[in-house]
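Protein chains: 2
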Amino acid sequence: MGHSITDEAGRRSEYSLKSRGVIENPNSDGRNVEWPPRKSLPAEIAQTAKEIFFPDDPLRPCKGQPRSKQLLLFLRYLFPIFEWSRGYNLTKFKGDAIAGLTIASLCIPQDIAYAKLANLEPQYALYASFVAPLVYAFMGSSRDIAIGPVAVVSILLGNLLQDEVDPIESKAEYLRLAFTATFFAGVFQAALGFFRLGFIIDFLSHAAIIGFMGGAAITIGLQQLKGFLGIRNFTKDTDIVSVMRSVWRPVHHGAKKNKKLFWVSAIAPLISVIVSTFFVYITRADKKGVAIVNHIKKGLNPSSASQIYFSGPHLKQGLRIGAIAGMEGVAIGRTFAAMKDYQLDGNKEMLAMGTMNVIGSLTSCYVATGSFSRSAVNYMAGCWTPVSNIVMSMVVMLTLLVITPLFKYTPNAVLAAIIISAVLYLIDIEAAYTIWKVDKFDFVACMGAFLGVIFISIEIGLLIAVCISFTKILLHVTRLKTAKLGKLPGTTIYRNVEQYAETIKIPGVLIVRVDAAIYFTNANYARERILRWLRDEQERAKENKETEIKFLIVVLSPVSDIDTSGIHALEELLVSLKKHDIQLLLSNPGVEVIHKLQSSEFIEHIGRDRIFLTVEDAVKACAPEASGLRRPQRPPVVTSAQGRPLALAAANSHWCLGSPATGHGRAWPGHWRP
Amino acid sequence: MGHSITDEAGRRSEYSLKSRGVIENPNSDGRNVEWPPRKSLPAEIAQTAKEIFFPDDPLRPCKGQPRSKQLLLFLRYLFPIFEWSRGYNLTKFKGDAIAGLTIASLCIPQDIAYAKLANLEPQYALYASFVAPLVYAFMGSSRDIAIGPVAVVSILLGNLLQDEVDPIESKAEYLRLAFTATFFAGVFQAALGFFRLGFIIDFLSHAAIIGFMGGAAITIGLQQLKGFLGIRNFTKDTDIVSVMRSVWRPVHHGAKKNKKLFWVSAIAPLISVIVSTFFVYITRADKKGVAIVNHIKKGLNPSSASQIYFSGPHLKQGLRIGAIAGMEGVAIGRTFAAMKDYQLDGNKEMLAMGTMNVIGSLTSCYVATGSFSRSAVNYMAGCWTPVSNIVMSMVVMLTLLVITPLFKYTPNAVLAAIIISAVLYLIDIEAAYTIWKVDKFDFVACMGAFLGVIFISIEIGLLIAVCISFTKILLHVTRLKTAKLGKLPGTTIYRNVEQYAETIKIPGVLIVRVDAAIYFTNANYARERILRWLRDEQERAKENKETEIKFLIVVLSPVSDIDTSGIHALEELLVSLKKHDIQLLLSNPGVEVIHKLQSSEFIEHIGRDRIFLTVEDAVKACAPEASGLRRPQRPPVVTSAQGRPLALAAANSHWCLGSPATGHGRAWPGHWRP
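If you're matching them up, the sequences are chains L and V in order.
Counting from 215, one number per residue, gives the positions in the first sequence under my numbering.
Counting from 215, one number per residue, gives the positions in the second sequence under my numbering.
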C-alpha cells in the first residue's frame, strides 16, 4: 500500500505547521500516528461537562438565535404545549377525546383500587388523576403516557408509610405523612431533572427493572387474590367476578394482539364495576358480608399545603420515603419510555413529573407517575397529544363532583380483579427469557430483584437490584478484556485468534489487543494479563521449538482513555520486557492516549519509532528482526552494583524509589517473572 | 485483496463442520465475520471466576503434577522460604547480614518514635519489629520489603483509638483496644488475601495514594516540628539536632542519588540517637526540661492473647479500626510494590501480612506493614533474601533483651527529626506533577486526598480519596467515547477524523466507532450519542448540499462486551434509523458481541448481510447505493392505522408494548428525532 506517500507527506508537513502532532515511522509506508493539538483545560472541562450533563444537547435550537427568540424557544422547550398546541385541530381532538374517555373509564376504577394499596381513601387517588395529568399536559414531552397513581408506587408508598405511622389508628398523621412524602418525591424528581442527573437512573439496569416489576406485579396480584377467596360463598358476586375475569383475561390478551379490540379491555373494568356495583346495590350483598368500597368523599381536591411536615420527626421520614418513591416513579417512567422506545429528554421528563408531584402534594394528591396499562390503552386508542390526559382529568373531575357516591357499593372483589389485570402488564416473561439467553449476569440481577420483591419486600427487592447492577459494573471496571491477534491469511487484517481460527501467527511476535480504557481499577490487571499472554506464548514457543518471542505488539485501538495508573502500568510493562530483551511496540493509540503518553514522557521511554498506525506496520517493523537477521538496537538494561537491574529507575525515576524488583519473584516457580 | 478466497472458503467449510459461526458477505471478498461455538455455561462461569480471582494464575506449576508434588509446590507457594532457602549461601548471607544490620539501626530509633504516634509505649513498636519480620520472612514474597511499624499507620491507629478511649487516663483499656484492632486488621487482611479480593485495593487510585501519603507525611512532619520548638532554648541539644538535621537532609537526598552513600542515611539516625542520648545523659538536660523517652520496658514480647476484646462494646470499635488500619496497611504495601515495580501476588502478600498481624496481636505488637524508608535502605544495602528481615528482628530482640534501658535519655527532639526525615520518603512531588500533566481528574483526586488529610483528618482524607476515585469510575461507565471515522486517502484504513485531519469522508455514509463495552449504564447514552453524530452529519450534509446520509456504519471493534440493555439500545437505534430510511451496518463485532447479537435475534432484525469484517467491506457494500444508483432493498417501515410506525413492534415485539413513539418528539424543535 505504498501509494500516495508523497501527497500524504506533502499534506502532513502542512499539518505540522498547524502544530499537529505526528510520529513519523520510516518503516510504515509514510503512514504515521497523528493527533491534533491538545485542547485547553477550560475547553476540556467544558467538553466533559457537556457530555455528562447535556449529551442530548437539549437547547440546541437556541444556539445563534437572538435573545428574545432564545427565551421563546426555551419556554417552548419547558412547556411543549406551546409547541404542539399550534396546528392543533378537530381531527386530532377527536382522537384525543376518544383516548381520553377510554383511559378515564380505565383509571377511575383503578384509582379506587390503587388507593387501597396505599392505605388511603379512594378520593385521594382520584384527586391525583385530576391534578397531575393537567400539569403533565403542560410540561410533559410524551403524548402517550397516561398520568396518575400506579399500582407499584402505591403499594411501595403504603408499605413505607405504614412502617412509620399506623394508617388506621392515626389516620390524619398518616395522611399528612403521605402528602409530605409526595412533596419530597416531587422535589427529588425535579432536582434530579434540573441538575441533569438523570443518568443516575441508568444504574438501574433494564434487567433489574424487568425483574422488579414482575415481582411487584406478582406480590400485588397475590395480595388481591385474597380479595376473591373472601367471597367464595356468594354465588352472585362470584359469578360476576368470575365472569368478568373469564371475559377479561382473553380480552386483555386479545387486546395485546388485536389492536381493534383494545377498547374492550379498556372499558371492561368500568363495565364490570358498574354491573357488580348494581348487583351489590339491589341484592344488598354488603349486608351479607361482601366487602365494599363504602363512602367516597364528593367534591374536588381540598388544599393540603398546610398539612405537609416541614419540621419534626416526620420530616425526615417524609424525605426518605419521598426519595425512594420518587426514584421509583422515575424508574417506572424510564422503563416505560424504554419499552415504548421514546426518544425523550429524560431529565426534562423528571422535571415535569417532579413539578407535577409537588403541585399534587399541595392539592391532596399522592405520588403519581406514568401508568403502564393506561398508557398502552391511551396509545392504542389513538391519542394525538397530551390533550387526552386533559380530557381524562376533566372526566375524573366530573366524577368527583357528581358520581363518586355511586361507587359506594362497588365490591372490593372487582377492584381486586381490576388491579390484577392491570399489573399483568408488568410481567414480561418473554423479556426475562431473552435476558437469560443473552446475558446470564443480567438474568441474575433480574431474578435477584424478582425474588427479593416476592420473598422479602419491595424496597429490599429494589435494593438488591441496585446492588447486583453495581457489582456487575465494579467487576467490569476491574477486569478488562484482552485478545491475542493473528493475521488473516492473504490480508493485512489482524483479528482475535479465538474468533478467527484461520489466523496465522508471525514467528517471534506476540500481538495483544487491550479492549478497554486503562484506568486505575484495571491497570494492574491489564499489565498482569498481558504478561500472562507473553508467558503462555513463550512456553508454547518453547514446546513447539518455534522462534522465541522477541516482540510484543500492544494494540491500543480500543483504548479510548488512560490515566496515570494506566501509564504507570505501561511503564512497568516496558521495564519487565526490557529485562527479557523483548521489544514493546504500540499500535494505533487514540488521541487521548497519545496525548497522555506524551505528557507522561512514556513516549520517550519506549521510543517514538515504536509507535505505529496499524498492526501491519508494527509487524513489518519487527519482521526482519524477528527472523533473527539483526539484533534489536535498544540498549540492554542498566544494572546496579549488586548486579540487579535499575531499569525502572532509568526508565522513569519518579515512579520508584530504588530499582524494580521484578526479577526477584523468579525465586520461586509459582510466578513467572518477565 | 481478493486473493486466497478459495483456500479460505475451503478452510471455512471445514470450520463450519466444527459448528463455527460464519456470516458470509457476498460483497466482502469472502472475508467474513466468524465466531467459535459458544462456551457452555459452567465453562463460562469458571472462566469469569478465574479472571476475577486468579488472573495471575498462582497455582500454575501445580497443574498436571502428581498429588504429592502438588502439595509440595503449594507449600512452597505458601511459604516461599522453602523455595529460596535452597541454594542459600554465605555470599548471600553476607549481603543479607549487612542489610539486616543497617535496617535494624534505622528501625530501632524509628520504632521508638512511631510508638509515640500511636500513643503507645516504645517497646510495643519494638515488639512488632521483632515478631512481624520473622513471620513475613517465612510467608512473604518480597525480599526487599522491611517489615515493621510505619509512621502513617501508627498515626492513623493513634487517631482512631484515642477517639474511642483516652490513652492516658485508661491506659490498659487503650492498649487492649490497640491489640484488638491489630488482630482484626490482620484478620481483615488475611481474609482479603484468602478470598482473592485484593483487587478491591485497586479502587484506591495511584493518584489518590500519592496525595494521601503526601498529606500524611506533612501532617506528621508538622506535628513533630513542635518537638523542636519546645527545646529552642537548649543550645546543646539544638546543636545536635540541627547538626544532625543539616547532615541528615543532604545525606538523605544524596542517598537517593548516590547509592554508595545510602549507609550514611541508614545509620545517621542511630548515630544521632546515640550522640544525643549521650549528651542528654551527661548534661542531664532532661532535668532542665528536655522531653526524653524515659523508661522503656526491658525483655521480650509478653503474650497479649488474653487482652484482645472478643466481646463487649470495644469489639465493634476494634473491628472498625482494624478494618481501616488493615486497608491502610495493604494500601501502603501495594503502593510500595507499585513504586518498586514488584510483580507480586498481591493476594498472597495480604495473606502473609494478615497472618503476621494476627500473630503480632497475640504477642503484644501493633499493626505492622512494609516500611518505605527501611525497605528502600534494605534494597540499597543489597539484601538478597528475606533473611535481612530475620537479621533485623534478631538485632531488635537483642536490643529488647539488653540495651533498651539505654534509650531512656534519648531526647524526643531527635526522634522527631528521625520521623520527619523518614516521612520525607512519602512526599513525591514529581509524581504529583506528572499526574497533573497527564490526567487532571487524577490530580483532583490526588489533591482532594492531600488537602483532606492536611485540613480535616487522615481518615477523612482516605475517604475523600476513595469517593473521588469512585466518582471517576461512575462517570467513566456512564459516558463511553465515540468517534467519527474517515478513510485515510489511498488506504483501506479508517481512523478518527479528529485525530487524522487528512481523512476523507464517503458521501452518504456516516461511520461511527463505539469505544467501550455497551452496558446498561451507558447504553442509553451510546444510542443518543450515535444519533447525535447522525443529526450533526445530516445537518452538515444539508448545509453543504452533499448527498444525504443513507448509511450508518457502527464500528464495534472496541466493543468487548454488550448486555441486554446494550442490545436493547441497538434495537432502538435500528428502529429509529429505519424510520428515516437509513441503513444500519455493523463492522467487526467481537466474539461476545456476535454471540449476544445472535441469541437476542438482533442479527435477524438487522439482517446477516449487514454485518462486515472490516469497515472497508461495509463501505464497499453501501458505496454503490450511496451513490444513488440503486435504492436500498430493505422494506419501508410498517405503519399503524393512525399512520404511526409500528416498526419496533415489528422489529422485536417483546421490547415494547405498543409502537415506538420516537416520532412524537418531533412535535417541538428542541429535539431532533431520527
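Watch out, some of these pointers could steer you wrong.
The list cannot tell twin chains apart, which means a pair is met if one copy fits it or any two copies do.
As the list claims (entries may be wrong) - With a straight-line Cα cutoff of 20 Å, these simulated EDC-like cross-link-like pairs (lysine to aspartate or glutamate) come out:
id, residue 1, residue 2
1, LYS502, ASP750
2, LYS759, GLU815
3, LYS719, GLU830
4, LYS698, GLU830
5, LYS501, GLU297
Hints listed in this document are in silico derivations from the structure and should not be mistaken for laboratory results.
Quantities reported herein were computed from a predicted structural model and do not represent experimental measurements.
Structure-based check of all given hints:
1. For a Cα distance limit of 20 Å, the shortest separation of LYS502 from ASP750 qualifies neither inside one copy, at 81 Å, nor across copies, at 69 Å.
2. For the homomeric pair LYS759 and GLU815, neither the shortest alpha-carbon distance inside one copy (38 Å) nor that between copies (45 Å) is at most 20 Å.
3. Proximity of LYS719 and GLU830 under a CA criterion of 20 Å is satisfied intra-copy only: 12 Å inside one chain copy versus 23 Å between copies.
4. In this homomeric assembly, LYS698 and GLU830 come within 20 Å of each other (Cα to Cα) only inside a single copy, at 15 Å, whereas the closest approach across copies is 22 Å.
5. With identical chains, the CA atoms of LYS501 and GLU297 are never at most 20 Å apart, being 54 Å at best within one copy and 89 Å at best between copies.
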